[in-house]
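Chains as they are written, first to last, in numbering that gives the first Met the number 0: chain A, 0 to 112; chain B, 0 to 142.
I should point out that these hints are in silico values taken from the structure, not numbers from a laboratory. You may find that some hints are simply not true.
[What the hints assert, rightly or not] Derived DEER-like restraints, expressed as beta-carbon distance ranges:
(1) T78(B) x D36(A): 18 to 28 Å
(2) I9(A) x Q72(B): 35 to 45 Å
(3) A71(B) x K83(A): 44 to 54 Å
(4) S51(A) x P117(B): 20 to 30 Å
Beta carbons are placed, not taken as given, at the ideal position from N, Cα and C, and that holds for glycine.
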Amino acid sequence: MADPLRLNKIKPATLTIIYDEASLTRGKQPTIFRQLDNSQQWQLIGGMVNTSRQTVSTAIHQLGRYGVMEMAPVEADNSAQLLKESLTYQPRVFSPTGRRVPNTETTISFQLD
Amino acid sequence: MLFGTATDANFKSYQVEFGEGASPTIWAAAFTQDSQTSVEQGELLQGLPGKRSGIYSLRLTVEDQVEQQGQAQVRISITSLMEKARGGDVRSADAGISLYLPPNSLQQDAIVTVNRTPSSAISWSLDSSWQPLDLNWWPIRYG
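Only chain A is shown next, with the shape it has when bound in the complex (with noise of 0.2 Å):
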């Protein structure tokens, strides 16, 4: 039987979460972790920091306990490959049937190898 928590693979979800600037460390940037299976370990998803809406978003592949923690900014190493299938973006902002949906931005979301 198929994980109720986990999301069509082609469909992520977005998720979107409001901060407080003033609660920053300063060099660092909010960003999204999930917790794993109800335990103490959090894995890094990442997210892209609005700052003048004060959010952080990102594509989610199944639903849990999600946390934002502030970390410095991860520099990614020059050779590192995009994972092809790891690339999505959500809100679509256009529809297969050409009617186009109330959304005029889009989250790009991918991972490094």
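Starting from the known structure of chain A, fit chain B onto it as the hints suggest.
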């Protein structure tokens, strides 16, 4: 389901109550008898059968052997059934967290809720390069 922690060195029992709205004046017990077993990062309550969509508050009271009590309170938002084929938006009761589910993202029709837990209510690993962030935002209005 409500997950959380109800423990004490001299634990006696815990009780979960619920009330309608963000600041209820009337509280009702969520189960008929106090639970005599402590819970650590586990299931405190199976659910609120028969509740319609809306904002509710849940109050956890833990009592020790000398009848001293500690309390914690959270707000939850119960939403109506989300249709798999339509998807939609779900927000936390304070509108600080939103979740957009595109059409056919869910595997079946389901009730999806977004509930905020303060960082103080969660056990954190201390030897990490990140720290939980307290989200002291001003609630905003959408729409």
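- [ ] Give me the numbers of the hints this structure contradicts, sorted from smallest to largest.
- [x] none
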